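There are 2 protein chains.
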Amino acid sequence: MRNGAPPSLLLATENQGKLREMRQILGDLPLRLVGPAELGIHLDVVEDGATFEKNAALKARAYAEAAGLPALADDSGLEVDALDGRPGVLSARYAGEGAGDADKRRKLLAEMEAAPESKRSARFRCVVALAWGGHVYTTEGTVEGEIAREERGSGGFGYDPIFYLPSLGRTMAELAPEEKNTMSHRGQAARAMRILLLGLLADQ
Amino acid sequence: MRNGAPPSLLLATENQGKLREMRQILGDLPLRLVGPAELGIHLDVVEDGATFEKNAALKARAYAEAAGLPALADDSGLEVDALDGRPGVLSARYAGEGAGDADKRRKLLAEMEAAPESKRSARFRCVVALAWGGHVYTTEGTVEGEIAREERGSGGFGYDPIFYLPSLGRTMAELAPEEKNTMSHRGQAARAMRILLLGLLADQ
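Heads up: the protein sequence lines correspond to chains G and X, in order.
Be aware that the first sequence starts at 1, since it is given in the working numbering, and climbs by one per residue.
Be aware that the second sequence starts at 1, since it is given in the working numbering, and climbs by one per residue.
Hints should not be assumed to be uniformly reliable.
Heads up, simulated DSSO-like pairs for lysine-lysine below, C-alpha to C-alpha not over 27 Å straight-line [said to hold, decoys possible]: (1) X/Lys119 / G/Lys180; (2) G/Lys54 / X/Lys180; (3) X/Lys107 / X/Lys180; (4) G/Lys119 / G/Lys180; (5) X/Lys54 / G/Lys54; (6) X/Lys18 / X/Lys180; (7) G/Lys119 / X/Lys18; (8) X/Lys54 / G/Lys18; (9) X/Lys119 / G/Lys54; (10) G/Lys18 / G/Lys119; (11) G/Lys54 / G/Lys18; (12) X/Lys18 / G/Lys54.
Residues from chain G that keep clear of chain X, each with C-beta distances beyond 12 Å, as calculated [unchecked claim]: (13) Leu109; (14) Pro166; (15) Arg194.
Everything labelled a hint here was simulated from the structure, so no lab data went into it.
Bear in mind that the values here come from a model prediction, so they are computed numbers and not experimental data.
In this text, a Cβ means the ideal position worked out from N, Cα and C, and glycines have one as well.
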């Protein structure tokens, strides 16, 4: 590692919960972690990519260019096998732009009524993308589960109450926050990115 | 880095071309790279995962367990947007188990006749998975392009002759081997994994 100030890395999200989680996971690296607000940057990136990888890379690249700094962004969602991977990149706006989480879950459960009884497998996926020195690196994390037949649990958000984890016998919304963070798709992807960042720092 | 022999890493593929490419990309790392044949290992891993990530992880994990060593595996294929991401994980056997590359391309071109004229976007994706110390890390690489209306070029293999790169004005099969290696999805994923391995070695 060179002497002097550590290099800066822009955490390209305006979601305070995500910022906190990223700072926790990446906090031990010799990097100065900054958020968009600290730089006075606000971007409306159109996330129209067909994949999580593409959307995460779009965001990381846009923020890196705006800030002139390496930038890290993520995209995530739920892939349901019986629905050919939907809602996928549309997870956040599956029931329309203004609709709430409960609407999205209702829509998904209704669609699952037409699916074969035995095919309820699904996964939460998160891709973290890093724009660094002209390249974009991505890591990902997944949690395998099944779409429950009805909602259970009051923790988490989004699709958590209908995402059942057979190995734990609970839905994602029935996990304690620490439990969820340890095994979450976002935590996994971020921890893999921490390792990749270590490698980039070692490679300089 | 500790003294003594460098740690071993099993490159979990029996494809000699892939082995050579991996050795090139990872060759400067303080790792002893070994192939399955050197260890007398041959596994028939059933690649029935719904995603590239899952199949690559399945292989990496199976080889790591059989060898008692960290192992690296990959899975890749072609995702066509107008076909909801098909052939995807089925890319290698899209026209049936025994069918050749020409059959697969013919089947895909025939399916595209029903697709909207304007929607020919597609991407080659490769995921490299590393089973290391109880975790599986994945990196990925993608090349964006379009499904051509007819075959062009005699290089490469698989879907290369019908995968058109608008930025280069050529199909993947019209690129020189070095050109293809530099920008290929597998090369990108492997180079990101090299960085991640550097990080793991630095983190020990």
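Quiz item: Does the structure keep G/Lys18 and G/Lys119 at a Cα separation of 27 Å or less?
Solution: violated (32 Å)
Quiz item: For G/Arg194, which was marked as not at the interface, is the minimum beta-carbon distance to chain X over 12 Å?
Solution: violated (8 Å)
Quiz item: Are the Cα atoms of X/Lys119 and G/Lys54 separated by 27 Å or less?
Solution: holds (17 Å)
Practice problem: Would you mind confirming whether the straight-line C-alpha gap from X/Lys119 to G/Lys180 stays at or under 27 Å? | Solution: Answer violated: X/Lys119 to G/Lys180 is near 39 Å, above 27 Å.
Quiz item: Is the straight-line distance between the alpha-carbon of G/Lys119 and that of X/Lys18 27 Å or less?
Solution: violated (35 Å)
Quiz prompt | 27 Å limit on alpha-carbon distance, applied to hinted pair G/Lys54 and X/Lys180 | solution = Since the Cα atoms of G/Lys54 and X/Lys180 sit roughly 21 Å apart, the hinted pair holds (cutoff 27 Å).
Quiz item: Does the alpha-carbon distance linking X/Lys18 and G/Lys54 stay inside the 27 Å limit?
Solution: holds (25 Å)
Self-check item: Pair hint G/Lys54 and G/Lys18, alpha-carbon separation not exceeding 27 Å
Solution: holds (19 Å)
Exercise. Would you mind confirming whether the straight-line C-alpha gap from X/Lys54 to G/Lys18 stays at or under 27 Å?
Key: With a Cα-Cα distance of about 25 Å, the restraint between X/Lys54 and G/Lys18 holds, given a limit of 27 Å.
Exercise. Just double-check G/Pro166 for me: nearest Cβ-Cβ distance to chain X has to come out over 12 Å.
Key: Holds, since 16 Å exceeds 12 Å.
Quiz item: Is X/Lys18 close enough to X/Lys180, meaning Cα to Cα at most 27 Å?
Solution: holds (14 Å)
Quiz item: Has the given pair, X/Lys107 with X/Lys180, been kept, meaning a C-alpha gap of at most 27 Å?
Solution: holds (24 Å)
Hint compliance for this structure: hints 1, 7, 10 and 15 are broken, all remaining hints hold.
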